[in-house]
Amino acid sequence: MDWFSSILSGFQIAFQPANFLYCFLGVFLGTLIGVLPGIGPGGTIAILLPITFGISPVSAIILLAGVYYGAMYGGSTTSILVNIPGEASSVVTCLDGYQMARNGRAGPALGISAFGSFIGGTFSVVVLMFLVQPLANAALKFGPPEYFSLTCLGLTLITYLARRSMVKAIAMALFGLILSTVGIDLISGEARFAFGSPTLLDGVGIVPLAMGFFGISEVLTNLESPIERIIFKTRIGNLLPDKEDWKRSTGPVIRGSLIGFPLGVLPGGGGVIASFVSYAVEKRISKRPEEFGKGAIEGVAGPETANNAGAGGAFIPLFALGIPPNVVLAILAGGLIIHGVAPGPTMLRDHPQIFWGTVASMYLGNIMLLVLNLPLISLWIKILKVPYRILMPLIIIFCLIGAYSINNNIWDIVIMGIFGIIGYILRKFDYEEAPLMLGFILGPIFETAFRQSLIISNGQLSIFIIRPISLLCIAVAAFLFISTGFSYYRKSKIRMTQ
Amino acid sequence: MKKKYELAPAVFWGLLSIFVVLNAYKLGLGNFKNAGPGLMPFLLGICLFLVSMLLIGKFFFGVKEENGTPKGISPMKMDLKKISLVSLSLFAYALLLKTIGFLSLTSLLLLFLFRIAGSRKWRVVVFASVITMVITYFVFTSLGLRFPKGIFGY
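Residue numbers (this note's numbering), protein chains in the order written: chain A, 1 to 498; chain B, 1001 to 1154.
Computed spacing ranges between beta-carbons, pair by pair:
1. A:Gln16 / B:Val1139: 21 to 29 Å
2. B:Arg1120 / A:Thr346: 50 to 58 Å
3. A:Arg349 / B:Leu1022: 41 to 49 Å
4. B:Leu1095 / A:Ser378: 41 to 49 Å
5. A:Asn137 / B:Asp1079: 52 to 60 Å
6. B:Phe1138 / A:Asn137: 41 to 49 Å
7. A:Tyr489 / B:Gly1144: 56 to 64 Å
Hints in this document: simulated from the structure, not taken from any laboratory. Keep in mind the model is a prediction, meaning the values are calculated, not measured. By construction, the Cβ of each residue, glycine as well, lies at the ideal position given by its N, Cα and C atoms.
Take the sequences, apply the hints, and build the full model.
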């Protein structure tokens, strides 16, 4: 099937009434949870996973993907109107978006954010469509050593790009990798760390783990320090940016798309880093840098475009290599696996309808989001006013039902509770959950590829450095470790001499 | 100033790594030609042990990382009562679900959660619990999920 027929069949799938509805539901829910601080796309996708069991895999992925990129749109609303980012990727939008609202320009801020998101999101889908197939074809030639080295590099990048301490991120990634070894060893058939529990023989489930870390621990944290939401009282007039706004935003939107997409492809990247880099670039090249932080429209247009372009870019490593670059797509990858679809290069060969259907739905989803966001802005503001004392019990009940309904097993609720408490305590000590979840998801690929490589090479570890792609990945990972260690050593030395 | 409780996670990682290494060793390591089921957890356990030592070393001798400062929430300042009550309610829910049944137990849990979350008026709490219960039950059962009925039959 050629490229044109593929995309045409993708649109046929996306336009089927059920899939169209799931796409709408996904982007609506995504915007909703993007607006609501206290629950993110990761937790929502984990909650929705059991619900998708009764529907076809393509509908399920259309729904879950819609939640992911829809959340990127919704996150900006709270940043602009409340000065609280609904999502981490909208943190930087607070700086100028909220100031614009204070200056009586909430309308154009919300408008340019929606248009920028639409352009960035659509741009990323177009590039995604062109890049995935050749990358997947190349990846089909990869052997276990390449996969092992790629997962090594992915995990290194995740820890290297951690927002806080790299050592803490490494500890979390290792914890995730260790958790992934629980259950029956697929090669020898022996039970590992199951301690006689039939539930643990199947391993730790991704849904209870994700719900524990992203649902329950979030609730426990917010229970202690409730989120205060004071909506800035302003009249939201015309949402359409004027000619001057467009003139100032065109460059940031183009640059945001170009910066966001490649940063989304990087493991650990996604929308967060893309939005920060875009903001820094816009401030650096602006003729009016002094306006940044005081309501510059470029500070909203660039980052909001970049985070949506990054969200689309993040699908490339998942679809082409089977390696999720961030935690939300890690949970989505878990969803694909539950539906019997292995993400990666074989997915395009064995399940092309899922890939092309999802890509086509992303076009539709971006249009729906643009249509949804602007006219429904008053609805989102009303939702923002829902107090946390109402939301908290709902989140817990959804988590409980979600965890139980995976296998109709009460022990999954217990596992979710245990990881919720562990996640809450680790948050207190400033540990990030993302490296753990990625370690957990990549763990099986990491171990299987390592052991298969050793079988191929008759026990020679040199197999990882004699194959060029593998060597490149290992060398980059080693460089990142060494450079971080060296930088830390230099800092320590300076501190000691002072 | 460094606070002693900041050492707790490093010690936790250290103890966890020892536990993993010992259990992985029992599983059988094999060798690189014929890796046993314990080899990967063993190697990961060793790495985690080294990381825990690094964290302990950093605590005593290292410089404080600029990007590693906590978000202003002291680990020692926690609302232990609320956190314990909510956590215990989750475990109690799991253990009693099959006996008491989904509808009865979830209604009780919702009443408890709405109260602990800060809703003061009982009328509001009961109304919110009933509405939530009815909507979630019908939404999830219509999606094909089945819940335990318990001794009361619902």
